[in-house]
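Chemist: Line by line, the protein sequences give chains C and V.
If you want this note's numbering, it's the 1-based position in the first sequence plus 1069.
If you want this note's numbering, it's the 1-based position in the second sequence plus 14.
Derived from the structure by calculation, the hints contain no laboratory data.
Check before you lean on any hint, since a few could be wrong.
[Said to hold, decoys possible] Beta-carbon label-pair distances, calculated as ranges: (1) V/Gly-444 to C/Leu-1728: 38 to 48 Å; (2) V/Ser-483 to C/Ser-1540: 51 to 61 Å; (3) V/Leu-411 to C/Ser-1619: 54 to 64 Å; (4) C/Asn-1660 to V/Ser-483: 38 to 48 Å; (5) V/Gly-155 to C/Ser-1837: 15 to 25 Å; (6) V/Ser-483 to C/Asp-1843: 19 to 29 Å; (7) V/Thr-482 to C/Gly-1884: 28 to 38 Å; (8) V/Ser-192 to C/Ala-1534: 33 to 43 Å; (9) C/Tyr-1341 to V/Gly-155: 48 to 58 Å; (10) V/Ser-483 to C/Ala-1731: 54 to 64 Å; (11) C/Asp-1843 to V/Asp-438: 54 to 64 Å; (12) V/Leu-411 to C/Leu-1728: 36 to 46 Å; (13) V/Thr-482 to C/Asp-1879: 30 to 40 Å; (14) C/His-1883 to V/Gly-444: 23 to 33 Å.
[To be verified] To list a few chain C residues with every Cβ distance to chain V over 10 Å, as calculated: (15) Glu-1634; (16) Leu-1646; (17) Arg-1671; (18) Tyr-1720; (19) Ala-1731.
On a predicted model such as this, the values are computed, not experimentally measured, just so you know.
Beta carbons: idealized from backbone N, C-alpha and C, even for Gly.
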Amino acid sequence: MFLVMGGLHSYGQIRVTGLVTSGNTTEGLAGVTVLEKGNPTNGVSTGTDGSFAISVTGPNAVLVFSFIGYITREVTVGNQQTLNVSLREDARALDEVVVTAFGVEQERRALSYAVQEVDSRLIQETNQPNAINALRGRVAGVSIQSAGGAPGAGSTIVIRGVNSLNPNANNQPLFVVDGIPISNQTNLTGGRAGDQTDLTGGRAGDIFTNTNRFADINPDDIASISVLKGPAASALYGLRASNGAVIITTKSGQAGKTTFNFRTSFSVDDVYRTPPMQERYGRGFNGIYNPTDYRADGPPIPPGERVYDQWDQVFRTGHQFQNNFSVSGGTEQATFYASLGRLDQTGVVPNSEFERTTAKVTGALKASDRVRIDASANFINSQGTNPRSGVGGSGVISYASRYAPDVDMLNYLNPDGTQNRYSTQLDNPFFFAENAYQEEDLNRIIGNVGLNYKFTDWLSLDYRAGIDHYSNNRRIITRPTVLIAATSRGSISEQTLTYQEINSNLLLTGERQLSENFGLTVSLGNQVTAINTTDVIGSGTNFILPDFNSVNNLGQYTVRSFPTERNIIGVFGDAKLNYKETVFLNVTGRNDWSSTLPVANRSFFYPSVSVAYIFSETLGLSQNRFFNYGKIRASYAEVGKDAAPYLLGTYYSTLPPFLGVAGIRQSLTIGSESLRPERTKGIELGVELAFLGNRLRVDANYAIQNSVDQIVPIPTSRATGYNTYVTNAGEIQNRVVELVVDADVIKAGNFSWNSIFNFTRLRGKVVSMPEGVDVITFQPESPWVKQRIQTGGRPGDWYGWELSRVNDPDDPAHGRLIIINGYPDVNNNWKGTPLAQDTHIGNAFPDFEGGWNNSFSFKNFNFSFLINFRKGGDAFDINRRMRYGSAGGESPTGAETNLRNRLVIFDGVTNTGTTEAPVWVENTTPVVIDVPTFYSQAFRYRLAKEFNGFQDASVVRLQNVSLSYSLPKTLLAKTPFSNLTASVTGNNLWMMSPFIGFDPEQSAYGPGSNVFGYVGTNIPATRSVYFGLNATF
Amino acid sequence: MRKIINNVIVLGVLLLGSCGDLLDVNSDPSRVSPEEATLPTLLPSAERFTANTLYGAAQYGAQYPQYLTGQAIGQFTPYGFDQLWQPFYSDAFPTLQDIINRAQTVGAYNYSGIAKTLLALNLMTVADIFGDAPYSQANQGTDNLYPCYDKMEDLYQVHILALLDGALADLAQPLPSSPTLRTVQNDLIYGGDLTKWTKAVHAIRARYFLHLSEKNPAALATAAQEATLSFTSNADDLQLMHEEQNPNPWFGFLGNATNKPMQPSSYVVDLLSGRGGRFQGAVDPRLPIYMTRTGTNTTYVGLTPGRLVGDQPTVNVNLTPTSWHTRAVAPILFITYAETQFILAEALFNTNRDEAYAAYRRGIEASMAKVGVPVTDIGTYLNNHPAVALSPATLTLADILLQKYLALFLQIETWTDMRRYQYDPNVYIGLEKPVINQLPGNPWVQRSNLADEEPGVNTCLPTGVTQTSTLWLFQ
């Protein structure tokens, strides 16, 4: 028909005018590209009101209307001179804009590597004060563990697995806010005053679960988070992003009416999952009552006498009170956003609180058509107090777990104010919390200023400079009245940590449509990063007055200072070529110069290449009702990485004075003088598919990442004179499968149901070890279980001892316990095997993990829930070992349990033959499960993984449930409010796990460490229920 | 356009031009470079590290000679003596070797003499506990990451002897001409008095030849000679005094600790209190000085070896902040005048009984005077206590070793004595094995396990080491 009509008209220029509107509204859409199809040089953009005017070759001409976030539409001009076109908003995602390296916004369809975005709504509705926790379970390939429920406790984020042989390495991604990297460091207690390169160190873990510094960012200021998972995505950021990058865009003002937003929430936090404790036996030993024995191995508690539950006593209800006020608005030329946030939190254990105040202001000015300037400043103050916890036995939780059930923990003070201590071996948890704690205070400023200059419509320059500066004062107080002060007679350490990072980013970008089919974007950039830290720690011992909390109250004190400086200069180039917006090729290269490497090796280059192909375009499937979009992508990338400062060679350290004389000593660490940069190499294959008109979207990845030439502090024999040698060695490979399925299950009128499922399967492998180092053992002196890294193994491999079983498959007794003298045997000791030969008993990392989020919306109600799951992976519950060793405990045969002082015949077999030719007969030897006989077996017996707290850490967790109701607009019409929403949210509401204990996923070593799987000593994660109100006006 | 490109190039050149300054910042401002290290700043560290090494050996090791008990190790569970291994190999050995190397370069033999003395003492302690131990391949940094172990035999017959000979020779050398090195500075032990250091070398040599006499009985005479050349009073003792601000490590570990992981064992308590009929209830005046009794029971009751602290409610003795060895301001004893007298007594026992007996009495007297027993009480004890032999004729080896045992309370040297006599019940009368023994077969412990942290970091380890294998010296 058109053809016929076209034939009727003569050829010649036709001028078409019209209006492009958005969806069903009459609102004009500004900036829409209007192109004549097949004639790429003939194009215009719509004006601010959505209007356009274009001359086309004739009525056969087809106009292509495209705009980011909208479905591209093609309209044949025909004989119309006025064309009013409405563009449909893209239901979601596929054409959405994603923030990539250096804040460059790219259409998702053009990406050739894996990026996953998380919407701010999902972050804010969890009410998590630490935004990292809000990502938990939402991003494939990303694992997040919290160090516990202490207010301000840090969280660890690891993307695509641990990739360092060094258990103390920080494997966390780079955090970038509005284009400028900020610190997510966790300053562990002690810092460089401790020995940070001690591979097997960290024995005490982080006794105050210090926070990861990204937690300073007010979640309410975040507009979106996008996670760049592999080296291809993060290569441009250079060496600091070798573990991936988390790109945060904060909120900014919109032109138009000035809007005010106020959000408040109040929570009720408690510990709902506690380990079982025996409640039959009171203080004493071997059945004999002894009121000063901390062990609950006395006689049965007489009927009628009060029995206390340790957990009921030690935990209280905590609260979080969060208030956030923001205002934003502006004109076409200038916009602004300002916010004020406040968090007040009390923890679930005594003497535990946290408060945070944040203020942020952001402004942008369009100075001319060519110049855009923006700036933002963010100020954060936080203050907290937390009692000591951690892996050692001296913590609130570990003391509580050893308290006898016939002692009232709350009656902990004598009339004269001293501790009412029932045993010399334990401090009362309440008294301890009030006398061994950390107070901290942090001030931080993050600011950046940016300039964007458009030379021409195809060439622009972006310059951005930013600063992140914080100063953290910590005071650790250990009063002389607690047991751990025996040597020090009271100690205080006052530490001031400062961190300053200055970044300068220059990016020159040219963008050209080379021909009808080819488009090219080239960026050249320069990045300069300067990081300075200071760590001044004044500490001392010997309290003069019992309650004066100042270093001025100490008989002896020393001040130490550990400044560092690290500078990095990078230049990089990035070329993106696309063919028909269908095939995308992206090549990058970056060269870094780092101050921390030897001069000869400090310059290093690394490339990446990636390609994406939207095959559905070629196949013409875009209108297909069932399968409308398909893209495959592949990439190879390398990222180099430098060392920490001052690792080369060796130094001497000064020692505090002794008898008035100070000395020096050689450091325990020696670094190779020819250290090279380490490298992460990654191959990634991915596919993105969309079905049913984009209602079902699938994104799957397979990635292999190898970390080679690692800069590792190798533990050396102390007989070398050093305990650590820093060199390039070893290789770890991580293979990961990531899957995200996003479905708009129901979209009908005022009801919608969206479901997002993500799944990660990660396998790490130790490809090679440093020459001559067979194994790196974490906590080699631990008699229980330990983690070992060795060639062919996986990071997180557990070693320990198992109960011996008959392992001859042909023997009828196969699989049964081997009993010696009435007791089960450990580790084939019956064969005379030395106990030191332990065996592989599991791995700390899960077989797979993931999350399933469901959001429902019905009229003014919104409801969502998120379920996380993790299958497999073993955790060592240090707390269970403590409970087992003393008062509490639920071990099946331990002297600590209700089951004791009984005659037991273990279900197993004994050997009546020889070691070489065993003859297994049913065990008939009765043993009494009492302390004398038990103790004589205890050393080996308690080592067995079956009893020492080693457990399967699989878990299904209801991570988040959120219900909100917004008042109808009709009701609000006569009020100043444009939105009023009330909400109830729950975090960590329920879990199902074979694990006996607090929480199998709560790392005792905390952020800033690569050690996973040790759990149970920190203040447990809480169940939190929030009541919130949000008003916009 | 060209202008822009030019600008960018200029900017780039400027940035890269300043790179050098920006990048040359990798020297740690908070630590000292090897060139800046000096002998007078290394010496006090080495002396402290030696004290830590000897304390570290005794901290848990004191359970083997049954001075203390109460920990699992006291039940003879496997133990790798890391409290000895770490301070020796990481701290004392590198620092002492560093002093020796630097001193010999500049001819400061006064410093190297002291360092060799202390290194010999440390190395002998290590050899007595581990047997084979890294020495000739040790302490070479990255030049040898996997140092093999020298045989105990070689340590004794070659290396310790060379250090002891070298120490004597160096201390006899002329003083260095450089005025800054002429006087030994920062010597926390003898204040730079080389005469006392020379006596100390002889004392350590006496201990060394006594040990060696297990293999070569002729060494007994040398031991006696060396003992005579060594200390002449308690004032000569080789020890490191501690101060209130840096308390003696026993203070924090047991003295001042509310939660005491170990308590005096019933064996030592009974010897001192005379309980159990052995000494007819006669109390040793050192008893209330060594330990503190609590509660209403006036009889001192120690913890049965092998039992854990808390297992026996009747136990009423502890080491406290007022006990002599566990006070804050107390010395860590390296080797004492009393010990040299007991060495003399033992060495001369078969050859010169009278002089042996005289040395025996001087040893007792020195031990008691050292801890502040009043002179009159010492006299009473010496002449009127069933634990003391009253004449050369009645003197037995058991008498000498009993008094040495009591004098060397908490010192690891006693464990070497016990193993020299292989826990002989005729020498250590009344000594019994711990009631719980985690080692199969209920053996006496002969040595340390391999240091716990060595497997996995050193590829050149001895094989077949168990705590029940008898060391070369004691075979």
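Chemist: Take the hints in turn and mark each one as holding or not.
Modeler: Okay, the hints, checked on the actual structure:
no.: 1; hint: V/Gly-444 to C/Leu-1728: 38 to 48 Å; in the structure: 41 Å, holds
no.: 2; hint: V/Ser-483 to C/Ser-1540: 51 to 61 Å; in the structure: 58 Å, holds
no.: 3; hint: V/Leu-411 to C/Ser-1619: 54 to 64 Å; in the structure: 59 Å, holds
no.: 4; hint: C/Asn-1660 to V/Ser-483: 38 to 48 Å; in the structure: 59 Å, violated
no.: 5; hint: V/Gly-155 to C/Ser-1837: 15 to 25 Å; in the structure: 23 Å, holds
no.: 6; hint: V/Ser-483 to C/Asp-1843: 19 to 29 Å; in the structure: 24 Å, holds
no.: 7; hint: V/Thr-482 to C/Gly-1884: 28 to 38 Å; in the structure: 33 Å, holds
no.: 8; hint: V/Ser-192 to C/Ala-1534: 33 to 43 Å; in the structure: 55 Å, violated
no.: 9; hint: C/Tyr-1341 to V/Gly-155: 48 to 58 Å; in the structure: 54 Å, holds
no.: 10; hint: V/Ser-483 to C/Ala-1731: 54 to 64 Å; in the structure: 43 Å, violated
no.: 11; hint: C/Asp-1843 to V/Asp-438: 54 to 64 Å; in the structure: 42 Å, violated
no.: 12; hint: V/Leu-411 to C/Leu-1728: 36 to 46 Å; in the structure: 39 Å, holds
no.: 13; hint: V/Thr-482 to C/Asp-1879: 30 to 40 Å; in the structure: 35 Å, holds
no.: 14; hint: C/His-1883 to V/Gly-444: 23 to 33 Å; in the structure: 50 Å, violated
no.: 15; hint: Glu-1634; in the structure: 5 Å, violated
no.: 16; hint: Leu-1646; in the structure: 21 Å, holds
no.: 17; hint: Arg-1671; in the structure: 6 Å, violated
no.: 18; hint: Tyr-1720; in the structure: 4 Å, violated
no.: 19; hint: Ala-1731; in the structure: 7 Å, violated
Of the numbered hints given earlier, the model fails hints 4, 8, 10, 11, 14, 15, 17, 18, 19; all others are met.
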